[in-house]
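**Student:** If you follow the hints, you should be able to join the two separate chains into one complex; please do so.
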Amino acid sequence: MRECRIVSQKFDIYQSHKLDIAKEHGAYSSLKDAFALSPHEIVEIIKLSGLRGKGGGGAPAGAKWALMPQDGAQTSYLAVNCDESEPGTFKDRQIISKDPHLLLEGIIITCYAIRSHSAYIYIRGEYSQFAKILQEAIDEAYGAGILGADVMGLGYGVDVTIHRGAGAYICGEKSAMLESLEGKRGHPRLKPKRPEPEWYFGNPTLVNNVETITTVPYIIKHGANGYRAYGTEQSPGTLLFAISGHINKPGVYEAEFGTPMMEYINRYGGGIRGGKKLKAVIPGGASTAVLTAAEAECAILDYEHMRTIGSALGTGGMIVMDEDTDMVEALKNLLEFYHHESCGQCTPCREGTGWSDTLLGRVLDGKGSNEDIDKILELAKTMDGQTICVFAPAVAIVIRAFIGKFRDEFEARVNR
Amino acid sequence: MSFVFSEENLAKIEALKLRYPSPAALSLPCLWMAQYQDGHISLEAIEVIGELIGTPPMEIYRVATFYTMFHLEPIGKYHFQLCKTLSCALCGKAEVLEHLIQRLGIRPGESSDDGKFALSQVECLGSCGTAPVMQMNDLYYENLTPEKIDAILESLEGEHR
Ligand SMILES: Cc1cc2nc3c(=O)[nH]c(=O)nc-3n(C[C@H](O)[C@H](O)[C@H](O)COP(=O)(O)O)c2cc1C
Ligand code: SF4
Ligand code: FES
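Here the protein sequences come in this chain order: V and D.
All the letters of the first sequence, read from the start, carry residue numbers 1 to 416 under my numbering.
All the letters of the second sequence, read from the start, carry residue numbers 1 to 161 under my numbering.
Rather than coming from a laboratory, the hints here were simulated on the basis of the structure.
All values derive from a computational prediction rather than experimental measurement.
For glycine and all other residues, C-beta sits at the position ideal for the given N, C-alpha and C.
Any given hint might turn out to be false.
Facing chain D, according to a computed beta carbon distance under 7 angstroms, are these residues of chain V, among others [what the hints assert, rightly or not]:
id : residue
1  : G88
2  : G271
3  : N333
Bound-form chain D, shown alone (with noise of 0.2 angstroms):
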């Protein structure tokens, strides 16, 4: 299995280039455009990465090791990443936490057999005025509740309709 950039990417890639000192600076940004265009980040995409900005393959997977939201193996579509940090824990985290076990059937650190469900716990969301919090995907959802989670389910469910 072979990776390529798309063209868009590849445009963005080279006009990011101008932005900055060095191309090396580039590690973050193209990794996160790997992983938008392919749910995850192969080696092959370290390989090119690796390529594009000049940086040995080796220091690119250092890096995408390194930070949390980078998968390097495939993940359930859709993530929840409930927030266990104090203020969402003083207010409701672990009601939350085991009604999404109840409903989607898979504890923490799991993808469910279908590949469209993922669950994590993840530190301070950085949202503490509305806890508790979860970031499913790109977005936050807030002032969570069972009842929230039931219906955020439903959305999503009338998506793949």
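Just chain V, with the same shape it has in the complex (with noise of 0.2 angstroms):
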């Protein structure tokens, strides 16, 4: 296992959120690079690259880019998402509040390349202390001429401007954070039918996660192939992988994907806490198909493997959990976790999440029945495909993989 330095490159110096010891650390250099290339040349690059998205999905960051119109004709937008709530998830806190400068300089290539002016990044409500670090990495980029009417000279205008959103998960959709964007309640849109951009209020709009953003630079100074010296074919590059739970060193580290899963628990978790067995493992934030331990030992960390084994690598935040740990708890956590956050727009959804989470209650109290199990099972079949957003068919993932692999521990429960 390499160690590699690609997005957290400057997480282990002092202070490196500020603007001089950024600068000592190469911060903005990409830019001249940048600049010296046509905005398509950059999606191209990009494209090139093979950079996923890393907010979850993993799609490729280049066609999406390639989706913004390249007349420059109609005001377009880049919004960066940093709502960050999927449990198990808390690696753009790192990049915000560590190395600001290198999302600033992410966000001024990607504008140039889609040929915007202004840059929103969404940050969740909760998050105050960190967006106060960026907003001063902000307005130290201001002073010094990196941001604004003439970045650094090259002749391009750049605004960022941070929105900070107020305690909703649904906000983290891209299209529902969007409409919140526009100063609405968060609900998701109608997916289109073909590809297109994102709109806001009307505009062609792009939305990235902030660590896709924040690779930018990195690829635009070694080049597309410097970044596939990383990670396998399908999945170049690295991930900030994210491990919580029972273990020894919970933490972010990032690592290139295509890394074992037991090697990356082991090495950089430092192993299950308390020398106990590990029973499961959920492998990319709450919302992906938990794992059994023997499924743990042979997965390897990229989004191809992952999704054979009838998983996802997600936001590649994983969860760990011991021997001892209570499967039925572990997934009326969850459910209660569903049943607060669904925006209430579809009824299988709201209905969906409210019914599976007072179903499992009854389980816990003992006064469930077999029966019960399966109509939670029916239940996700409910949310499953007829629905705005993909939150509902997650649902459906997570209590399928719970039940289906730990059934016997619910079972334990009602026979009791």
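**Tutor:** Here it is as structure tokens:
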């Protein structure tokens, strides 16, 4: 396992959120190279690099950028997603508080590539102390002529504005985020039939995760192949994987795609806490299918492998559970989360999250039956595939994996 | 009781208007400013915001009630918000909650009679690597233990003296 420092290059440097210190370590040095290229050439480099969205979906970034109008005739926007609310995920917070200037550098390049002059960073409301650090970095960058009407005298203007959310998981979904950014409730929009940009007040808009944008300067500096030197053919590069739960050294550690999960858990995570045995791992944020210890043993951290074993890489935020974990309680915990966070627009989601939570509560209280367990699985079916966004289908995946893989624990609760 | 934005906030709002394609976008920033000013968001503040950004007050109200961090009623001055989601639950959240209930003398969802404390359980704070975690007003407190809670309470008492 190689050490890789693409996004986390300055994480260990004291006060690297300050402009002068960041600059000593190369901040903004990719801008001259970037502006020597045409916007179109940058999009091509991003395509060649194979950069995939790091907010959970893994969509190819270059293809998304190419959807933005190329003529610059219409005002367009960049909206950077720092809602970071998927349980088990806490990486973007590291970027905005430890290396905000690398994010800003990425934002400037991305704006230029999609011919936009304004970017918003949508930050979950709870992150106010981290948003403050980022705001100070933005202010410093304006003061130094790095942001504003003429970026470093290169003849291109970029404005960056932080927009704080106010407590709603669903605002991480890109169209809900844009609704919220328009000043409305965070209700996801219906998806278009064909690929098209997102829309902000009717203007074409690109939405990318914080980490995706923060990867861009490295690619400009080292070329598409420099990025492809890490990872696998289909999942090139690295990700800020995160690990929490019953683990000795929880935290955020950058690793290349293709790293075996157990190697990550043992080397970076320092193994299971208290020398216990592993029972299960949720691999990529709460909304990905839980893996048994046996599955985790063979799991490899890239998009393709995780899909072949019936789960997903997601945000790369692993939640580790040891042999003493009560899987019924763990699922109940997650169902409470989904129940609380459903935006309520779609009946199957609003009702399904509520009912499954209530039914499992009954099972936990020792008042449930086998039929209740089956009823929860049936509710999962109604939540799968008939809703505006993929929140409800994700709940279905979570339920099926927990009950399917640990059914005996659920049944033990009803037979008592 | 009427509501007026401070001069400073009014200036901020005018400056922000230049950053967005429509002033309607400013509902969240304005609601935040109102809440920081008063500790909660009054109906009068909602009226004023609606006027300022050209959005019907009813719509601002709908928005304010959608987001869990906005309070439409006064709430304890020190708001303890303990994360209850999976990683925190796996790492000892229950013990910390018990201790908070005991020390504050209130249960989740309540404010103390003197208006000093409020306690809530919230969903994942995006800080799972330092579980258990809570947010108290604008700050995160991580790797919590009952002893840490005692120390935090002590420092608050110090502030009051
Ligand atoms: C329910 C739900 C929650 C999401 N939450 C986040 C989030 O907190 N942060 C994020 O970057 N993407 C989140 N996403 C993914 C976004 O919709 C979007 O795909 C992403 O921001 C695009 O950026 P990327 O391609 O760079 O990853 C969420 C998606 C769904 C369906
Ligand atoms: S699936 Fe759930 S979260 Fe998504 S739009 Fe429908 S109700 Fe809202
Ligand atoms: S589960 Fe508590 S911070 Fe994420």
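**Student:** Going through the numbered hints above, which ones does this structure break? Give me the numbers in ascending order.
**Tutor:** Violated hint (a single one): 2; every other hint is consistent with the structure.
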